[in-house]
Amino acid sequence: MKNGEKPILHSPFSILHAMQTEDYFHITEAPLDPAPLVALVSAPGMGAIVTFAGVVRNNFGGRLTAYLEYEAFEPMATAVLAQLAAEARAQWNTGEIAIHHRVGRLEIGETAVLIVVAAPHRHEGFEAAEQIMDRIKQVAPIWKKEVWADGASEWVGDEQERKGNR
Amino acid sequence: MEVTVRYFAGHRDIVGRTEEHIVLEDDATVGVLWELLVAHYPRLGGYSGRLLYAVNQEFGTLETRLRDGDEVALIPPVSGG
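Protein chains in written order, with the working numbering: chain W, 1 to 166; chain Z, 1 to 81.
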């Protein structure tokens, strides 16, 4: 990852590209809607459109959640989403891919992330969508704070740090 | 030389700010910066080995050399999705 490629930024058409990719890769405080992304990636040769929506759950490990708060390191987060899509596209030979992630306060049942993959056949589409979701959870500079129903809160992923200081 | 350090999520809670300027010796690495910050904010030490680093918006490592004016983002364990 030391010299992570950023094909979008290194493209000779970088400015035009950046304007176009804003539709495909986006971090926003606005509610997410899959329909425009499905329309965006659809193409005549694509027999499968896989849409994955990550939705705010009402509990984590059985403890009741009140709501979540997301934040992202911009603009790097958007560039990483584009990079992960490029990785998956190359590996699974998919068509176009769009990824939108929401930030700010999200209530139970709201969509936090949308991954929409167009592929000639369903297998590649499912695999690519799952790989992208796994990679987002590994490297995308995006964080969520779990605000519990009892009023306490914590950054997800920080459990080890807190235990280490007890 | 001077670099700008950006703090997010749990790091921001510990440090109490979103960014600060840090003066370093020329040719210092991300690792040198991290050790300095842990010495100054001991609670950051719990993240050692579990965070990612970005220099000017690109992933780096503890060995990445810094230059005057660089922006270093400390990336605590991510939890998107």
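Bear in mind the hints are in silico, worked out from the structure with no lab data behind them.
Predicted, not measured: the structure shown is a model, and the values here were computed from it.
All C-beta atoms, glycine included, are put in the ideal place defined by N, C-alpha and C.
Worth double-checking, as some hints may not be accurate.
[As the list claims (entries may be wrong)] Label pairs and their calculated CB-CB ranges:
id: 1; chain 1: Z; residue 1: P42; chain 2: W; residue 2: V147; range: 20 to 28 angstroms
id: 2; chain 1: W; residue 1: E29; chain 2: Z; residue 2: T4; range: 48 to 56 angstroms
id: 3; chain 1: Z; residue 1: E25; chain 2: W; residue 2: I108; range: 27 to 35 angstroms
id: 4; chain 1: Z; residue 1: R50; chain 2: W; residue 2: N58; range: 22 to 30 angstroms
id: 5; chain 1: W; residue 1: A149; chain 2: Z; residue 2: E25; range: 43 to 51 angstroms
id: 6; chain 1: W; residue 1: V38; chain 2: Z; residue 2: V23; range: 25 to 33 angstroms
id: 7; chain 1: Z; residue 1: G49; chain 2: W; residue 2: E107; range: 45 to 53 angstroms
id: 8; chain 1: W; residue 1: A86; chain 2: Z; residue 2: T4; range: 43 to 51 angstroms
[What the hints assert, rightly or not] Just a sample of chain Z residues kept apart from chain W, beta carbon distances all over 12 angstroms, derived:
id: 9; residue: I22
id: 10; residue: D27
id: 11; residue: A28
id: 12; residue: E71
id: 13; residue: S79
id: 14; residue: G80
[Stated by the list, open to error] Derived DMTMM-like pairs: lysine to aspartate or glutamate, alpha-carbon spacing no greater than 20 angstroms straight-line:
id: 15; chain 1: W; residue 1: K137; chain 2: W; residue 2: E69
id: 16; chain 1: W; residue 1: K145; chain 2: Z; residue 2: D13
id: 17; chain 1: W; residue 1: K137; chain 2: Z; residue 2: E58
(request) Just pull the numbers of the violated hints for me, sorted ascending. (result) 2, 3, 6, 7, 8, 12, 13 and 14
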